[in-house]
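Q: Input sequences plus hints: build the corresponding full structure.
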Amino acid sequence: MVGLMEKQAVIRVKENFPQHTKRVLVADDSEVIRQRLKSLISDIEVVELVGEAEDTQSAIQLWQSTKPDIVILDLRMPGGGGTKVLREIKIQSPETVVIILTNYPYMAYHKKCTELGADYFFDKALEFDKVKDILIGGEESGLK
349 MVGLMEKQAV IRVKENFPQH TKRVLVADDS EVIRQRLKSL ISDIEVVELV GEAEDTQSAI
409 QLWQSTKPDI VILDLRMPGG GGTKVLREIK IQSPETVVII LTNYPYMAYH KKCTELGADY
469 FFDKALEFDK VKDILIGGEE SGLK
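FYI, in this note's numbering the residues of the sequence shown are 349 to 492.
No lab work stands behind these hints, which were simulated from the structure alone. Heads up, some of the hints might be wrong.
[What the hints assert, rightly or not] Computed list of lysine-lysine pairs in BS3-like fashion (alpha-carbon distance at most 30 Å, straight line):
#1 K432 <-> K459
#2 K478 <-> K459
#3 K478 <-> K438
#4 K460 <-> K472
#5 K460 <-> K480
#6 K432 <-> K415
#7 K415 <-> K478
#8 K386 <-> K472
#9 K386 <-> K415
#10 K480 <-> K415
#11 K459 <-> K472
#12 K438 <-> K415
#13 K432 <-> K472
#14 K386 <-> K480
#15 K415 <-> K472
#16 K459 <-> K415
#17 K438 <-> K460
#18 K459 <-> K480
#19 K478 <-> K432
#20 K460 <-> K432
#21 K480 <-> K432
#22 K460 <-> K415
#23 K432 <-> K386
#24 K472 <-> K438
#25 K480 <-> K438
#26 K438 <-> K459
#27 K459 <-> K386
#28 K438 <-> K386
#29 K478 <-> K460
#30 K386 <-> K478
[What the hints assert, rightly or not] Beta-carbon label-pair distances, calculated as ranges:
#31 A456 <-> V394: 29 to 37 Å
#32 M455 <-> Q412: 29 to 37 Å
#33 G427 <-> A456: 15 to 23 Å
#34 T414 <-> D477: 22 to 30 Å
#35 V380 <-> G428: 31 to 39 Å
#36 K432 <-> A473: 32 to 40 Å
For clarity, every value in this text was computed on a predicted model and none was experimentally measured. Beta carbons: idealized from backbone N, C-alpha and C, even for Gly.
A: Here it is as structure tokens:
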């Protein structure tokens with residue numbers, strides 16, 4: 349998506365980012381991915397990890413108790429999957445920025461996540477490093 353739609357998305361996303369330290373929740377069933385994300389987050393001065401979850405239920409519970417600014421969310425997790433978490437977050441807190449990071453970057457998943465309000469949708473294998481750009485300041489790269 350290019351042009352006006354992209355500019356509107358950039359404006360909307362940048363408005364969602366707070367000016368204070370960004371509080372981030374990581375939800376992924378892979379310990380390796382969670383460790384990579386924690387390492388990435390620890391390198392960014394304005395970002396604080398507030399929790400990590402390995403399944404759908406703990407992701408929802410941690411989100412409710414920590415109220416992060418940003419959630420980095422896997423689509424395939426035990427207990428219902430990332431779309432269940434995404435739906436819950438966007439119903440209760442549409443301003444929360446949700447970054448989908450998946451090994452299943454299929455168009456059907458992208459469409460579903462967009463409909464549910466995901467702010468970003470990245471392929472773990474090809475776009476993992478784009479997460480850092482988003483955490484640093486809501487850069488344009490990787491917009492829906």
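Q: All the hints need checking, so say for each whether the structure fits it.
A: Here is what the structure says about each hint:
A hinted pair counts as satisfied when its Cα atoms are at most 30 Å apart, and K432 with K459 qualifies at roughly 15 Å. A threshold of 30 Å between alpha carbons decides the hint, and for K478 with K459 the separation of about 20 Å falls inside it, so the pair holds. The suggested pairing of K478 with K438 holds, with an alpha-carbon distance near 22 Å, which does not exceed 30 Å. Pair hint K460 plus K472 holds up; C-alpha atoms about 18 Å apart against a cutoff of 30 Å.
Between K460 and K480 the alpha-carbon distance is near 24 Å, which keeps this suggested pair within the 30 Å criterion. With a C-alpha separation of about 17 Å, the suggested pair K432 and K415 falls inside the 30 Å cut-off, and the hint holds. Between K415 and K478 the CA atoms are separated by roughly 23 Å; this keeps the pair inside 30 Å, and the hint holds. A hinted pair counts as satisfied when its Cα atoms are at most 30 Å apart, and K386 with K472 qualifies at roughly 15 Å.
Of the pairs offered as hints, the one joining K386 and K415 holds, with about 18 Å between alpha carbons and a cut-off of 30 Å not exceeded. A threshold of 30 Å between alpha carbons decides the hint, and for K480 with K415 the separation of about 20 Å falls inside it, so the pair holds. Annotation: proposed proximity of K459 to K472 holds, straight-line Cα distance about 17 Å (limit 30 Å). Restraint check for K438 and K415: the C-alpha separation of about 12 Å stays at or below 30 Å, so the hint holds.
Annotation: proposed proximity of K432 to K472 holds, straight-line Cα distance about 20 Å (limit 30 Å). Between K386 and K480, the direct Cα distance comes to roughly 11 Å. Compliance with the 30 Å bound is thereby established for this hinted pair. Annotation: proposed proximity of K415 to K472 holds, straight-line Cα distance about 25 Å (limit 30 Å). Proposed proximity of K459 and K415 is supported: the alpha carbons are some 26 Å apart, at most 30 Å.
Between K438 and K460 the CA atoms are separated by roughly 13 Å; this keeps the pair inside 30 Å, and the hint holds. A threshold of 30 Å between alpha carbons decides the hint, and for K459 with K480 the separation of about 23 Å falls inside it, so the pair holds. Restraint check for K478 and K432: satisfied, since their Cα atoms lie roughly 24 Å apart, inside the 30 Å limit. Restraint check: the Cα-Cα separation between K460 and K432 comes to about 11 Å, which is no more than 30 Å; the hinted pair holds.
Pair hint K480 plus K432 holds up; C-alpha atoms about 24 Å apart against a cutoff of 30 Å. Annotation: proposed proximity of K460 to K415 holds, straight-line Cα distance about 24 Å (limit 30 Å). As the CA atoms of K432 and K386 are separated by approximately 23 Å, the hinted pair is consistent with the 30 Å bound. Taking the CA atoms of K472 and K438, the gap is near 22 Å; set against the 30 Å cutoff, the hint holds.
In summary, the hint linking K480 to K438 is supported, as the alpha carbons are separated by about 22 Å, within the 30 Å threshold. Straight-line distance between C-alpha atoms of K438 and K459 comes to about 15 Å, which keeps the hinted pair within the 30 Å bound. Restraint check for K459 and K386: the C-alpha separation of about 28 Å stays at or below 30 Å, so the hint holds. Only pairs whose Cα atoms come within 30 Å are accepted, and K438 paired with K386 is accepted, the gap being roughly 24 Å.
A hinted pair counts as satisfied when its Cα atoms are at most 30 Å apart, and K478 with K460 qualifies at roughly 21 Å. A C-alpha spacing of about 15 Å is found between K386 and K478, which places the hinted pair at or below 30 Å, so the restraint holds. Under the hint 29 to 37 Å, the C-beta atoms of A456 and V394, about 35 Å apart, fit the expected range. Taken as a hint, the range 29 to 37 Å holds for the pair M455 and Q412, whose Cβ atoms sit roughly 31 Å apart.
Under the hint 15 to 23 Å, the C-beta atoms of G427 and A456, about 21 Å apart, fit the expected range. For T414 and D477, the hinted distance range of 22 to 30 Å is satisfied, since their beta carbons lie about 25 Å from each other. At about 22 Å, the CB distance of V380 to G428 disagrees with the hint of 31 to 39 Å. Evaluation of the 32 to 40 Å hint for K432 and A473 yields a failure: the beta carbon distance comes to about 23 Å.
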